[in-house]
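J.: Below are the chains, spelled out letter by letter.
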Amino acid sequence: MARPGLGRVKVTGGAGPASADRPARIAHLDRDRPLVEAAQRDPLQFDSLYRRYLAQVYSFAFYELGDHHDAEDATERTFLAALAGLGRFEERARPADGDGASTFRVWLFQIARNVIANQHRGRRRHPQAPLEAAALVADPLDVEGGATTRDEAAAAWQAVGRLPADRRRAVVLRFVEEMSTAEIAGILGRSEGAVRVLIHRALRTVGRDLDGRGTSSHDSDRR
Amino acid sequence: MTLDRDTAATDALLTDLYLDALLASVVLDAVAAGTPDDAAGQLDPAARRAADRLRHDLVRVHPSFRFEERLATRLAEAAVAMRVPLAAGAEGRVIAFRPGPGLDLDPGAAPPEAGADREEVPPNPSAPERIEADGDPARRVPTRPLLIGGALTSAALSIAGAAFVAWRLGRPGRASTPMARAARAVRDARLTSSLGSTVATRARSTARRLD
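So the sequences go chain by chain: A and B. Residue numbering for the first sequence follows my numbering, beginning at 1 and increasing consecutively. Residue numbering for the second sequence follows my numbering, beginning at 1 and increasing consecutively.
Since the hints were made in silico from the structure, they are not lab data. A few of these clues could be false.
Unchecked claim - Here are a few chain B residues that face chain A, going by a calculated C-beta distance under 7 Å:
#: 1; residue: T15
#: 2; residue: A24
#: 3; residue: E77
#: 4; residue: M82
What the hints assert, rightly or not - Simulated restraints on C-beta separations:
#: 5; chain 1: A; residue 1: Q110; chain 2: B; residue 2: E77; range: 49 to 57 Å
#: 6; chain 1: A; residue 1: L44; chain 2: B; residue 2: T192; range: 35 to 43 Å
#: 7; chain 1: A; residue 1: H69; chain 2: B; residue 2: V165; range: 47 to 55 Å
#: 8; chain 1: B; residue 1: E77; chain 2: A; residue 2: E37; range: 17 to 25 Å
#: 9; chain 1: B; residue 1: A81; chain 2: A; residue 2: G212; range: 19 to 27 Å
#: 10; chain 1: A; residue 1: L44; chain 2: B; residue 2: R168; range: 30 to 38 Å
#: 11; chain 1: A; residue 1: H69; chain 2: B; residue 2: R187; range: 23 to 31 Å
#: 12; chain 1: A; residue 1: E90; chain 2: B; residue 2: A156; range: 29 to 37 Å
#: 13; chain 1: A; residue 1: G212; chain 2: B; residue 2: V59; range: 22 to 30 Å
From the three backbone atoms N, C-alpha and C, an ideal C-beta is built for every residue, glycine too.
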């Protein structure tokens, strides 16, 4: 994975001795800056950004909607909206965002979040297919271990699916997309501290949920 | 109340640090080596177990290759559609136009000094800053915004189109394809028949008048 760096940007404009002595401004470089600039010059170059983020956007949509067709629909709308609005995108990466930050990714996921929210509003129901989804995750070649893996994955998915929407989104972005707290804060429109608390509480809830399920399943085994 | 909030914030921060290490696979390596991370020891056990489970079970799901290629095609089509306005003239930009010495666009302005004007003309005419930076109002050449690029392209296309039509109409050996010959024959036949009918009608009316 390409890592961003701190780029030295030459200050231009203004003539005279005062500006000549002025030190160069330090700007944090977005990881995706070259690709974004290329796509803004030539929309056909958007394909590189699409290939880079397709799986991430699709995963996010799939965890949120719980259905492959809905996730495909949301992914398609997200990328089409991103392509149409790419000219208006402005990079706002700060050193505080940390290494590996991409404001383009945050912007893209903000679009995805809105698209998914619209789809949620349209169908007015919660994800319904954690078991089927978990079955896809299990290794199809591992016949013996497959059933156990599938059960465990399904339990984890169900526990996450029962979380309130904001906590679920934060957990998915943190674990599936492996985003930093700052990036999640940008996507969800919250402070970093609030995102930390969301994730911490979500983990405690999921932990209790999984522990309770483990105990009850052991009990049922004994019975 | 404040204490509870501080405790929650501290726990959340610890969890965040643990997750940073976990997602970077540092914690798993440390556990495998028998030296658990410091942050993990202070963490709520339930939260820690959940984090380890979710790290393992929440995997990224990839869409089908068919969907990926279909969407890529759709995006490419949309990108091409976005490029069409560019090709049609949206790339034209407004630049500062500096007229030559013989072209007086501002009759009220004082005539520039001979000789000095040539030195003042910058090599790049699209540099309005240089024109504005010129402190002497007498030497300032009036600037006019000019849309070029798209306008020139459309004008060139129009001229080329007119020349092509003129050439098509005026060239001696006109279209010799079977379809063109057939169309021409039908048109000639229609013209002849209409002319013939007109002449016959006139002859009949003349004959009636004579009668």
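J.: In this structure, is the beta-carbon distance linking E77 (chain B) and E37 (chain A) contained in 17 to 25 Å?
T.: With a Cβ separation near 22 Å, E77 (chain B) and E37 (chain A) satisfy 17 to 25 Å, so the hint holds.
J.: Was the hint right that T15 (chain B) lines chain A, CB cutoff 7 Å?
T.: Check passed: Cβ of T15 (chain B) comes within 4 Å of chain A, closer than 7 Å.
J.: Does the nearest C-beta of chain A fall within a distance shorter than 7 Å of the C-beta of M82 (chain B)?
T.: 4 Å, holds
J.: Taking 49 to 57 Å as the stated bounds, is the beta-carbon spacing between Q110 (chain A) and E77 (chain B) within them?
T.: 25 Å, violated
J.: Tell me if the beta carbons of L44 (chain A) and R168 (chain B) are separated by a distance inside 30 to 38 Å.
T.: The hint (30 to 38 Å, Cβ to Cβ) holds, given that L44 (chain A) and R168 (chain B) are roughly 35 Å apart.
J.: A range of 35 to 43 Å was offered for this pair. Does it hold for the Cβ distance of L44 (chain A) and T192 (chain B)?
T.: 56 Å, violated
J.: Any CB of chain A closer than 7 Å to the CB of E77 (chain B)?
T.: 10 Å, violated
J.: Close enough to count: is the Cβ of A24 (chain B) nearer than 7 Å to one in chain A?
T.: 9 Å, violated
J.: Do H69 (chain A) and V165 (chain B) keep their Cβ atoms within the hinted range of 47 to 55 Å?
T.: 53 Å, holds
J.: Confirm or reject the claim that E90 (chain A) and A156 (chain B) have a C-beta distance inside 29 to 37 Å.
T.: 36 Å, holds
J.: Hint says 19 to 27 Å; check whether the CB-CB distance for A81 (chain B) and G212 (chain A) agrees.
T.: 54 Å, violated
J.: Between H69 (chain A) and R187 (chain B), does the beta-carbon spacing fit 23 to 31 Å?
T.: 57 Å, violated
Checked against the numbered hints given earlier, this structure breaks hints 2, 3, 5, 6, 9, 11; the rest are met.
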